[in-house]
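A.B. asks: Those sequence lines, one after another, are chains U and W.
Counted from 1, the first sequence has number 29 at position 29 by UniProt numbering; the numbering is strictly sequential.
Counted from 1, the second sequence has number 174 at position 174 by UniProt numbering; the numbering is strictly sequential.
Derived by calculation from the structure, the hints in this document are not laboratory data.
Here the structure is a predicted model, which is why all the values come from computation and not from measurement.
Treat the hints loosely; a few may be bogus.
[As the list claims (entries may be wrong)] Just so you have them, the derived chain W footprint on chain U, three or more residues with Cβ under 8 Å:
| # | segment |
| --- | --- |
| 1 | 55-64 |
| 2 | 279-289 |
| 3 | 355-365 |
| 4 | 457-463 |
[Stated by the list, open to error] Across the chosen pairs, the derived CB separations fall in these ranges:
| # | chain 1 | residue 1 | chain 2 | residue 2 | range |
| --- | --- | --- | --- | --- | --- |
| 5 | W | Glu69 | U | Gly168 | 54 to 62 Å |
| 6 | U | Ala286 | W | Ala373 | 43 to 51 Å |
| 7 | U | Ala354 | W | Gly475 | 18 to 26 Å |
Just so it is clear, CB atoms sit at the ideal spot from N, CA and C, and this is done for glycine as well.
One letter stands for each residue in the lines below.
Number of protein chains: 2
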Amino acid sequence: MASLLRAAATLGLFPRRGYCSRGAQLSLPWCPWDSVGGNTEGELSKGFVEALKAVVGSSHVSTAAAHREQHGHDESMHRCQPPDAVVWPQNVEQVSQLAALCYSQGVPIIPFGTGTGLEGGVCAVQGGVCINLTHMDRILKLNPEDFSVVVEPGVTRKALNTYLRDSGLWFPVDPGADASLCGMVATGASGTNAVRYGTMRDNVLNLEVVLPGGRLLHTAGLGRHFRKSAAGYNLTGLFVGSEGTLGLITAATLRLHPVPEATVAATCAFPSVQAAVDTTVHILQAAVPVARIEFLDEVMMDACNRHSQLNCPVAPTLFLEFHGSEQTLAEQIQRAEEIAGHNGASLFSWAKEAEERRRLWAARHSAWYAALALRPGCKGYSTDVCVPISRLPEILVQTKEDLKASGLTGTIVGHVGDGNFHCILLVDPEDTEEVRRVMAFGEQLGRRALALHGTCTGEHGIGLGKQQLLQEEVGAVGMETMRQLKAMLDPQGLMNPGKVL
Amino acid sequence: MASLLRAAATLGLFPRRGYCSRGAQLSLPWCPWDSVGGNTEGELSKGFVEALKAVVGSSHVSTAAAHREQHGHDESMHRCQPPDAVVWPQNVEQVSQLAALCYSQGVPIIPFGTGTGLEGGVCAVQGGVCINLTHMDRILKLNPEDFSVVVEPGVTRKALNTYLRDSGLWFPVDPGADASLCGMVATGASGTNAVRYGTMRDNVLNLEVVLPGGRLLHTAGLGRHFRKSAAGYNLTGLFVGSEGTLGLITAATLRLHPVPEATVAATCAFPSVQAAVDTTVHILQAAVPVARIEFLDEVMMDACNRHSQLNCPVAPTLFLEFHGSEQTLAEQIQRAEEIAGHNGASLFSWAKEAEERRRLWAARHSAWYAALALRPGCKGYSTDVCVPISRLPEILVQTKEDLKASGLTGTIVGHVGDGNFHCILLVDPEDTEEVRRVMAFGEQLGRRALALHGTCTGEHGIGLGKQQLLQEEVGAVGMETMRQLKAMLDPQGLMNPGKVL
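If we strip away everything but chain U, and leave its shape as in the complex, we get (with noise of 0.2 Å):
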């Protein structure tokens, strides 16, 4: 009875929640949705709820509506949509019998790192089982002479660095928030560094996944972390920004990358923002191998200069890194200063100690937060369009007269050299005139990002916001391919339901 109701539910016969109150008699000792008290929100039943602590322990179970509030939401506008209960399993086993046990039950799954996703990834949109993992937090294996490390999903990006601190390598994806790796790699992330160490796609070698049914996957076999691989299908890449709608990420083994000898950075001021992304682009051109190359515009530079005490010019501003040894670093800057130069730039700005750095790429990290204080109370909303870099120009000069002429308050701030940029908008969420003209700026950008042969998200992912864009970007074939991976590795439809398709 239990497998034809759940093979009645794989096939969309019936809604997933509460089907319990349609009457039938699950030969189940208990039934995962508690519906008997008329609840049509569908609470989870007690039953089910004592099968999950039977898993994990009860004191790493909660449906406390402070726990479920705060597993609702990410750091976006999108309104907070609370799990049933909310779990924090301590090892892979446990994810699996997890896993295992929501499926069985038609429960949705919501896979929970850090919650510093920008859209909505994490929304319980029908509820569900959200699975913290935080508390799996190890570093399971560094394997410096490889340069590879292989990090349980709570570990974020600063703890592994912090780890790796003595050992000559760090971890270069860095999307300025603090978040889980494992999280990132979910998200397909990159930020800040990916023009010159790649984004999470490119650093990834191995992926251990729950699959929805609680089978264990290897993406590229147990244990291997090779560079390169031609064996089969690239199963890894898969996974890479899934969004938490194909599995559980319970490992990963990253690439690391050699400290750099030396590092210097810098702010540069331009007349305009056509000056600005001119120069990156010929920096870009001329094989300067910068590390970071970051544009803000004048209220996202005058937002940073309050927000973290700066006291950079108000103008549309590059900052800039560089890597390597004194000597090859000497002759980047020169490059880049020359070409800076030819551009208009007036003020170039160096910062070569460490602490230096550090309080310009925290000012950077932190624009989110400034621009959020530009209107206190209010929420943030990020767009992420990415074109190619020859079409940065043009869009970033619309945009920023789109962002005048809307009356909106918004700043713009990206990942230029990868020709990914962000327009962060604030919004009152009270205000539902203000949120349509908001999502319209951001839909409007979208489809002009697509028009020049671009990307809706760089590296934000589709969540729930972008649905219609991906349509748009990939086409009726594309989206046919993707509910097809879907189908196939989640029949049920239960793993982080209603996010990417």
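Fit chain W to the supplied structure of chain U, relying on the hints for placement.
C.D. replies: For chain W alone, coordinates are given in the frame of chain U:
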């Protein structure tokens, strides 16, 4: 009736070859296999061949034995298994129609580029139609400012780099052979240069793929060529390395790189295999951005000396290449020399002039033919394991000993910067006992690499010969996931059947 038969074929209810002879009265003007004359080999029927001609024109279809033989093998020792027909489509619409035609009739489809593969990837193990894509050889669009280019499947690596000669850009992935770029995509090729510029996996931005039924998929959306994206599942990555088993690649958008300002190559002889490999590991650990670092054992070096009229010492040797500005080159060279000297290298010979470098790398890239020349009339079999770099010394030293003990003739050459190396074993294909020993040697080496957390194939692919090793490498769940992917995209199992899985 036809669709019923097709459905039955999908379910595997009768064998694919010769199903017309099972007495079914098809409502088709012709039957794909000619079995009226009792030809159990299942030659294609006249009607089906006429249908192929109607798509591509009479002059672009051949069932001549010479053409079929020529398309039934690659450069490996896998025996020739000719297709039933060879067609040369002129454009993607024709490829799409061919795929639809073959698929609807249960006829296997084998994509064919330059036939330079090393794993039997083009052998028509179930007969069928070989689709030779070399007539589609246009460079569709160069985007110099965005460092990208769109090529049709017939464009080879050398043709592209010749085309790019005056653009300041180049495509660095270099497997030695002048392979077609889309063939390199299908194989997940790499070769020299990968240590610095990555493999095909890292250098493909978008693909146009004709799916088995004839529909057209643009893996990153039509015309898109951004540097990074987090938009949905990574479909591009799914097709890179799929060895023609999921669809026909009819265009690739590739990432280009700026031509380095200066280039220096060098050869360096070592007292032992261990010393040469230790040098490699130390150069990488010192973060010297070496562009190529290739190992040749003394047998390989001797063969190259003879075949390419070089005059290198007959000893374990590294071929190196450095890219950069004049200034950074000097620094790289100095560090490499220090490290090599520290490991007992005696003779460092520098090639700064283009002609001298060209001769050196031509010799390295002729290693396969140089090895074949050691036993004229024999075939070559190349192993292709790749291990974490720290395990490279032990596996190379051990393999060298095994090779001596085996009594087989073989050389060792490899892209040691990636942990990837090849044993090129010479074998008389008529000597079944020797063939058996060669295969056993390859399998033993594959298992040794797996035991060291490596892969059975760094760049040649699985093809016909490594299917058992693939199973051992990725495990049961990995294999099942790959099989699901295959069944999802190619439910009838007609795309290059018998390969990978």
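A.B. asks: May I ask which of the numbered hints given earlier this structure violates, with the numbers listed in increasing order?
C.D. replies: 1, 3 and 7
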